[in-house]
Amino acid sequence: MRLESISLTNFRNYDGQEILFHPRFNFFEGLNGQGKTNLLEAIYYLAVAHSFRTGQDHEIVNWNEEYFFLKGVFTQEKGRSLVEIGYQQPPGLKIKVDGKAIRRSEYIHRHPVIIFSPDDLRLVKEGPSVRRRFMNLEGSRLKPRYYRQLKEYHRVLQQRNRLLKDMKNAAVNQALFEPWDHALVALGGDLIRQRLSLLQTLEKQACFFYRQLSASAGTLSLRYLATVEVGNDPALIERSFSDRLKKTRSVESKRGCTMIGPHLDDFALLVDGYDAKKFGSQGQQRAAALALKMGEVNLFRVSTKETPVVLLDDVFSEFDLERRKQLLQFILDGEGQSFITSSTPIEQLVRGLNGGKKIFFVHKGKITVDRIESVN
Amino acid sequence: MVYPEPLEKLITGFCRFPGIGPKTAQRLAFYLLDRPREEVAGFARAMVEAKDKMRFCSQCGCFTEKDPCGFCTDPRRERAVLCVVQEPRDVLVLERTGQFRGVYHVLHGALSPLDGIGPEELRLPLLARRIGAGGIGEVIIATNPNVEGDATAAYIARMVKPLGVKVTRIAFGLPVGGDLEYADDLTLSRSLEGRREM
Ligand SMILES: [Zn+2]
Chain A
1 MRLESISLTN
11 FRNYDGQEIL
21 FHPRFNFFEG
31 LNGQGKTNLL
41 EAIYYLAVAH
51 SFRTGQDHEI
61 VNWNEEYFFL
71 KGVFTQEKGR
81 SLVEIGYQQP
91 PGLKIKVDGK
101 AIRRSEYIHR
111 HPVIIFSPDD
121 LRLVKEGPSV
131 RRRFMNLEGS
141 RLKPRYYRQL
151 KEYHRVLQQR
161 NRLLKDMKNA
171 AVNQALFEPW
181 DHALVALGGD
191 LIRQRLSLLQ
201 TLEKQACFFY
211 RQLSASAGTL
221 SLRYLATVEV
231 GNDPALIERS
241 FSDRLKKTRS
251 VESKRGCTMI
261 GPHLDDFALL
271 VDGYDAKKFG
281 SQGQQRAAAL
291 ALKMGEVNLF
301 RVSTKETPVV
311 LLDDVFSEFD
321 LERRKQLLQF
331 ILDGEGQSFI
341 TSSTPIEQLV
351 RGLNGGKKIF
361 FVHKGKITVD
371 RIESVN
Chain B
1 MVYPEPLEKL
11 ITGFCRFPGI
21 GPKTAQRLAF
31 YLLDRPREEV
41 AGFARAMVEA
51 KDKMRFCSQC
61 GCFTEKDPCG
71 FCTDPRRERA
81 VLCVVQEPRD
91 VLVLERTGQF
101 RGVYHVLHGA
111 LSPLDGIGPE
121 ELRLPLLARR
131 IGAGGIGEVI
141 IATNPNVEGD
151 ATAAYIARMV
161 KPLGVKVTRI
171 AFGLPVGGDL
181 EYADDLTLSR
191 SLEGRREM
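Residue numbers (the numbering used here), protein chains in the order written: chain A, 1 to 376; chain B, 1 to 198.
Everything labelled a hint here was simulated from the structure, so no lab data went into it.
Don't take each hint at face value.
Claimed, not checked - Listed below are the simulated DSS-like cross-link pairs for lysine-lysine, each with C-alpha atoms no more than 25 Å apart in a straight line:
(1) Lys94/A with Lys151/A
(2) Lys165/A with Lys100/A
(3) Lys100/A with Lys151/A
(4) Lys96/A with Lys9/B
(5) Lys23/B with Lys94/A
(6) Lys9/B with Lys51/B
(7) Lys100/A with Lys71/A
(8) Lys161/B with Lys246/A
(9) Lys305/A with Lys78/A
(10) Lys23/B with Lys100/A
(11) Lys278/A with Lys247/A
(12) Lys151/A with Lys165/A
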């Protein structure tokens with residue numbers, strides 16, 4: 001897949017900007033706070049209709065403006081498509097592909113774009129919500145069904161939590177809970193199953209890259225951490241979910257919220273069997289996060305049968321020379337289109353990547369072409 | 001710009017209609033001003049008359065002028081088959097298919113704790129009484145294919161099944177998360193034929 005061009009209106013610090021991209025390498029140079037990450041966010045948003053930085057669309061709108069608008073042309077195996085995405089509150093998000101309006105749920109899985117950023121380390125180091133968002137976003141992007149079920153699950157959860165609050169002091173009415181319990185278990189059980197299979201495929205890919213990246217040649221594995229007993233037979237998740245739900249009801253009534261289910265689940269990144277979050281060295285944590293993202297690129301390559309577009313947000317300064325070389329090699333081997341930002345001089349990076357390239361300069365929400373190099 | 005008060009009132013009135021924005025409201029208001037007085041007066045009378053004379057059938061909850069309604073009193077309709085819907089307008093949607101010859105039960109909503117709607121707020125106790133009175137062999141549930149509609153269907157199934165009555169849910173080839181009223185006739189006919197036991 002390739003992104004031929006993008007136009008941004010009122011997106012973060014861009015008032016209005018149109019850019020034509022190079023089909024291979026696009027470099028963005030400039031000081032911090034000029035809009036390099038914002039541009040990558042716009043590219044990602046155009047591809048996925050979600051931000052990798054925030055779940056709040058209104059935060060993206062340029063200060064003092066009421067809407068943002070993105071437009072661009074993607075080229076895929078199946079052909080070219082013109083995408084237009086506008087947001088204003090109200091009426092909310094509008095997505096058009098070749099002039100035809102479509103819903104977010106029908107759009108989110110269309111374009112394989114993967115972002116690498118220093119924030120990836122949060123996947124290893126921070127609390128469960130970061131990893132849950134990762135599973136939900138990637139799950140939704142790989143399967144349209146996941147996104148739909150996730151939305152329904154959250155609706156059921158809200159309804160059930162309200163019921164728990166309302167019923168706090170009243171006698172517990174089993175008949176009232178039953179329909180919501182049933183829906184929670186059916187939707188939640190399937191979400192857990194889909195996450196398990198996502199982690200399983202991702203693990204295979206990530207494990208391969210971790211071996212290359214880590215100096216000690218350790219093994220990376222991913223383990224789903226469920227609030228419901230998952231066991232060895234995924235077909236039995238619903239039953240154990242349902243049993244646990246019955247047992248926790250009285251505690252839940254006291255607390256007024258649902259205390260088990262995929263909305264509280266997590267996963268661990270294990271290095272040689274030990275949780276990298278607690279026991280990993282800084283180097284192992286970085287390698288685990290990077291391997292996870294590299295694995296993601298391959299996962300999307302396999303599942304979409306397209307060459308993913310890779311966004312690299314100032315990641316090279318994070319790594320030592322050896323890792324830098326490995327990441328460059330990964331980008332070269334990928335043969336796809338890449339967008340690379342850097343706040344430090346990029347000459348070395350530019351030389352490190354053989355192939356046609358376009359180099360841009362970013363300054364105060366304006367992007368100018370610095371130079372274009374064809375294949376040497 | 002600000003319109004003279006009578007016109008402004010009219011536009012504001014139209015604005016409250018479902019699916020009508022300020023622009024359409026304006027167009028409708030100007031259209032009315034353009035019509036002969038008699039026609040407008042007739043229209044106004046029709047609105048008030050409908051409001052005064054239409055009521056809900058005490059048995060099934062449909063809109064009707066006479067209570068009980070035409071469906072409930074029609075001897076040609078099968079009284080043993082009962083179709084449960086969320087809204088009065090859903091009855092018209094199902095009638096349009098010409099596929100259903102039984103009687104109806106309108107709930108006037110769906111279970112939704114977030115909106116403070118429990119069984120007591122719906123015509124669910126009434127449904128229980130109707131089925132308890134006997135003579136009903138199958139209950140077809142045609143609540144909307146979304147989270148609330150599904151929960152309501154599950155609640156009804158649990159309530160009805162112990163009474164030895166067959167409970168089916170219409171098979172939704174309908175857009176998931178949508179409303180019954182947006183389904184086309186063909187899809188809806190198929191949904192009725194393909195209903196499955198709960
Ligand atoms: Zn009636």
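Consistency of the hints with the structure:
1. For the hint pairing Lys94/A with Lys151/A, the CA-to-CA distance comes to about 18 Å; that is within 25 Å, so the pair holds.
2. Of the supplied pair hints, the one linking Lys165/A and Lys100/A is violated, its CA atoms being roughly 43 Å apart against a limit of 25 Å.
3. Using a Cα cut-off of 25 Å, the hinted pair Lys100/A and Lys151/A holds, with the two alpha carbons roughly 23 Å apart.
4. For the proposed pair Lys96/A and Lys9/B, the alpha carbon gap of about 37 Å is over 25 Å, so the pair is violated.
5. For the hint pairing Lys23/B with Lys94/A, the CA-to-CA distance comes to about 20 Å; that is within 25 Å, so the pair holds.
6. Distance hint between Lys9/B and Lys51/B is fulfilled; the C-alpha atoms sit about 20 Å from each other, no more than 25 Å.
7. For the hint pairing Lys100/A with Lys71/A, the CA-to-CA distance comes to about 14 Å; that is within 25 Å, so the pair holds.
8. The hinted pair formed by Lys161/B and Lys246/A meets the criterion: a straight-line CA distance of about 22 Å does not exceed 25 Å.
9. Simply put, Lys305/A and Lys78/A have alpha-carbon atoms about 11 Å apart, close enough for the 25 Å limit, and the pair holds.
10. Pair hint Lys23/B plus Lys100/A holds up; C-alpha atoms about 23 Å apart against a cutoff of 25 Å.
11. Simply put, Lys278/A and Lys247/A have alpha-carbon atoms about 31 Å apart, too far for the 25 Å limit, and the pair is violated.
12. Annotation: proposed proximity of Lys151/A to Lys165/A holds, straight-line Cα distance about 21 Å (limit 25 Å).
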